[in-house]
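**Q** The listed protein sequences correspond, in order, to chains A and B. Under the UniProt record's numbering, residue 703 is the last one in the first sequence; the count climbs by one each step, no gaps. Under the UniProt record's numbering, residue 703 is the last one in the second sequence; the count climbs by one each step, no gaps.
Note that identical chains are pooled: a pair holds if it fits in a single copy or bridges any two copies.
Cross-link-like lysine to aspartate or glutamate pairs, in silico, EDC-like; alpha carbons within 20 Å at most:
no. : residue 1 : residue 2
1   : K349      : D392
2   : K474      : E423
3   : K474      : E291
4   : K474      : D427
5   : K302      : E592
Because the hints were derived from the structure by calculation, they are not lab data. Quantities reported herein were computed from a predicted structural model and do not represent experimental measurements.
There are 2 protein chains.
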Amino acid sequence: MRKHLFVLLLAAAHPAAALPTPPLSASLAKVKLTFALGADGRPTYAVAYGNRVVVNTSRLGVALQGGSGFDGPLVLAGSDVKDVDETWQPAWGEVKNIRNHYQQLTVHLRQPAAPGRRLDVVFRVFADGVGFRYEFPRQLALGNFVVSDELTEFALPADHQAFWIPGDYDSNEYLYTHSRLSAVDSAPQVKASTEIAVRDAPDAQAVATPLMLKADNGLYVNIHEAAQVNYPAMQLHVDGASHRLTARLVPDAVGNKAFLHAPSRTPWRTIIVSDKAPDILASKLILNLNEPSKIADPSWIKPMKFVGVWWEMQVGKSDWKYAESADTLDARGQLIPTGRHGANTANVKRYIDFAAQHGIAGVLVEGWNVGWEDWFGNWKENVFDFVTPYPDFNVQQISDYAKSKGVKMLMHNETSGAATNYEQHLDTAYQFMNKYGYPAVKTGYVGRIIPRGEHHDGQWMSNHYVRVAEMAAKHHVAVDMHESVRPTGLSRTYPNWMASEAGRGNEYNAFSVGSPPEHETIMPFTRFMGGPMDYTPGIFKLKNYEPTGKRQVHTTLAKQLALYVTLYSPLQMAADLPENYNEHLDAFQFIEDVPVDWDDTRILAAEPGDYLTTVRKAKGKNEWYLGSITDENARAQPVKLDFLPPGQRFEATVYADGKDADWQKNPASYQITKQVVTSKSALTLQLAPGGGAAVSFRPLPAK
Amino acid sequence: MRKHLFVLLLAAAHPAAALPTPPLSASLAKVKLTFALGADGRPTYAVAYGNRVVVNTSRLGVALQGGSGFDGPLVLAGSDVKDVDETWQPAWGEVKNIRNHYQQLTVHLRQPAAPGRRLDVVFRVFADGVGFRYEFPRQLALGNFVVSDELTEFALPADHQAFWIPGDYDSNEYLYTHSRLSAVDSAPQVKASTEIAVRDAPDAQAVATPLMLKADNGLYVNIHEAAQVNYPAMQLHVDGASHRLTARLVPDAVGNKAFLHAPSRTPWRTIIVSDKAPDILASKLILNLNEPSKIADPSWIKPMKFVGVWWEMQVGKSDWKYAESADTLDARGQLIPTGRHGANTANVKRYIDFAAQHGIAGVLVEGWNVGWEDWFGNWKENVFDFVTPYPDFNVQQISDYAKSKGVKMLMHNETSGAATNYEQHLDTAYQFMNKYGYPAVKTGYVGRIIPRGEHHDGQWMSNHYVRVAEMAAKHHVAVDMHESVRPTGLSRTYPNWMASEAGRGNEYNAFSVGSPPEHETIMPFTRFMGGPMDYTPGIFKLKNYEPTGKRQVHTTLAKQLALYVTLYSPLQMAADLPENYNEHLDAFQFIEDVPVDWDDTRILAAEPGDYLTTVRKAKGKNEWYLGSITDENARAQPVKLDFLPPGQRFEATVYADGKDADWQKNPASYQITKQVVTSKSALTLQLAPGGGAAVSFRPLPAK
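Pulled out of the complex, with its shape left as it was, chain A reads as follows:
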């Protein structure tokens, strides 16, 4: 009886009577969203920016396993519009206040025939773009269900320029290709990218998001997603002829896309648009579409810089492993040390000393725990236990020493891709961090995923990352996830999930041919759209750092400094070795000074693939820091200082490329100058090929 009552109530809430015919629309500023049912009854949407088309009429829909999904005709059952304008404060970030201003259109759809399932599509129209998602309301006709395909399309009006990486189920660490959409073909690159541990990109026409596009009519368009929770990552299949992009969801081990239960919802599909490239970088649309923080009091979450026993392994100076192989045993069955193990107590103390001397808050140590002799490439489940140090790593002594120096140790939990194994040890691993006072952990997923057949970017792993973030939050530990799915603004909801890698970081300059000078001008428009990246900037020894002597970092030293401003992360590494920093302590001063948490950020100049200039105001301080970078071309970057508060004098310290600097021939040439400036001043930064400039602005006493 009660059950029937419930049915009636539901029916009352969504009357069956036919409603006014679409199209429906919502708009804010120049952005207009239109929803319509096609002649075939299939839902569509379109987006315009002023009188320019952003997305032409494009299909919406979700196919379910077993049929009766939302891939056929639907009827309109109602719609709602509301306006929201609110401001919120992130726990940390690029700005202190974030305005969340949008018009929301909710479209209620229903299958015209039995089982009469209902689907809502919710659009939020911002001044800088649109987000939309599918919502599956609570209903008797839809309980548990499996998404077999998402039918969302992005019908682009022309053959835009695109900055893209392959749509790989397991990696986002590719180099970006800058090409027309019609030229997308990832197969040769995927095949050649042997420096990437795990590759699985079956569709050569699929690209990853965030996808950065530039139209010939001057529009910049970025397509990504927000709040990717309990759902696989979306990739985009490119139809080169029609310029139509279609959602492709990363499958599970047996080809399903997502297991859901109504009520539930997909992530937001995001389209950020502007006729100015800097607006794309300044957009807070993705963060705004995420849920508010689940951590009521985030005061224990501390942005920080850190050094680490890490780059020395990347460049072959020392090893993660302790013995040559797991079979190199002495008569007592103990591992025989190679003498090249980086994570030994004495060496770690050296990093702690350096951090303490230079006000760097943290020290990360990789290779501290047993298992590295046999950790990679075998799809093996029980490689690490996350709590057993090598014999030469005295965890208590190191913990005590760091504490005495006022330095925090950062934990490292490499899983080698065995997420199941990590989950089995999660409680113990985080209790261990609490015991020894580790406030943050860098996790890693290098290798094919276990559960075998699952992918880094599928639904199961996406849920895993959230479970790890939640477990970490419970233990008051911050997380920096490497080889995870790329971020979608979830740091708003889980502010202890401070950073991810999930992109091609500076490390590729250590162990591969590296990334070209344009790389860091593309990354903010792509990988960073979803959230902070542990890019590991700050390499000072840019040549002759590894045995072959053939590799080099593809920037000047000054550009490495500029990256601390242009690439945002609340966990930011000073990645080079103490001995290399000691040779350039005047330049290192910028790394010492630059904050990792900000009151405000302004993108002064930006063009993907070419250049970027960003200035930020330190959190709670009247200090400003500017970073300016260029690609392989030298550039004179004019900068008006009107961001400074008027009527005040500042000392500007300019860390610039030397006159003869060149990323390839003379990367270490830099010059540091100081001058007094006000908001009326202007600077012209001379950026060398592959170069950059960093500037700190500190207030001077009034005259």
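Mind docking chain B on chain A? Use the hints.
**A** For chain B alone, coordinates are given in the frame of chain A:
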């Protein structure tokens, strides 16, 4: 340098010089094992029992992913023979002392060409059969590897009769078919067995083990495995024409069989043989091949009988679930109770009272925790959290009440197949059991496995079950696993893993057409060969127990009593409802009296599919208990009481079928008689069609 030294040492241990030509052999009593390299260099074995062939020359080998496996020609690099005769005591069991007497032949094999990998085959020859396994010694040429196929064959000399169930990756809950090997075709049965939740049996010629065979020459042969750890279950593909059985390993989500790292080893492949059927049941070969207990002090592990809130759900008297569906919510969003929830505090107290009154140690309660509205069939990961009771189950009050009555509560952890979810909650779940004093848990895996694509009987799940047993041991909790892989004697190593289901239990009489009267005469020769089963005997209301009134249990009441002796488990349920027992308290006396731990066991008469009579001596007591059962045929079973100690008088209480008893027409007819007997006495038990008899022998004071 050290590494090279190591290579030399290994080489010295296994000189390359050619060794005497095979065949090699080992034997004990009538059993003879012969090993030989075939003309093609491939290893083979054969087994004889006296002058009768058990297994003709049969291939051995293991294929590895990527090639260079042990599927090609090998050369003999040496062999060792040793004799072992020892006796050990299990923590609990059918006998107090177990003799482990065998001759071991280890054959060292090597690939003739590079990479020159080494493989050992270890044979143990017992008086009642042979066990053998593959061992992968520590070697530089073999680190991590993946088994793509095991090539083990069992070439049977003739078209034996077989008692078999389909080789299903996910279930062992099929009815047994009694046919010639040449008639094996499981497809129709698999298709028709809709009462089994998850079925995946792609090879219609594959059968599960333990496989019971009967040769026309009078030999009984049982093929199974022992110590299945870190390896998938072995099934057997039957070539009906040649009578050759070939190992088939249950694959993982993407088709691999096992991920291993040398040194490692496979489970033992077991061949138990005798010309007397009772010897098969008395064999301790499988237990002997398992490793000794990993629990140093097993004194906390207590065999026990239990009643439970369970059969009443099976027969539809009450429900596991609390509300009609997960969507049946009141205005406050709370589940609206149906009023049919079995696991409510008052009902549980009723079972506790019954247990306390009748000296039954434990009470199991299913459906106590939130999630049952939506638990099955959706391949859903987060169904249960294992610690949140329904509102009408007061865990503290029940725990206190049970304690006050001297009764132990048994926990229930159904996972719905989501092993990943269970592992995520394992710590918390077992802490919860400790907090409320639960000494044992019944686990369940009803549903498709998560990790999706994995199978109940694959390597990953096999490791999962061991992880659960280890976690339980850490918390001093005993485990009874349902829907797990079938056992292989691991209760020796993990004595807290007291029982498994992994077979077709009594419950099928509740929710399906049930199992025919012969079923319980086959089970000891098949499912029970690997270890105890939670069969849930003791149903007294054999008809009209469920709404349709059409089903019935396929035994007499007396046979239900006999099962407490013929089917061994240290965790033994009295499965029926208190109200049904209260109608036959005279018969229930046998269930009250019968122990679950024994000093000795003798199989007095046995023929698979026909009959079984077993007598056991109570642990540490001069009491004996006998069970005798038959199939659908009435039978007069003579029993000589020479197992009783001579010169003593016993009171024999005989719980026999009534004269007019018949499983189908009159199952509840029984008669209880007492008589004084000695070791010189004899009884003739009159077993009705589908009937049985139970007898207790208690010492009388000397005259």
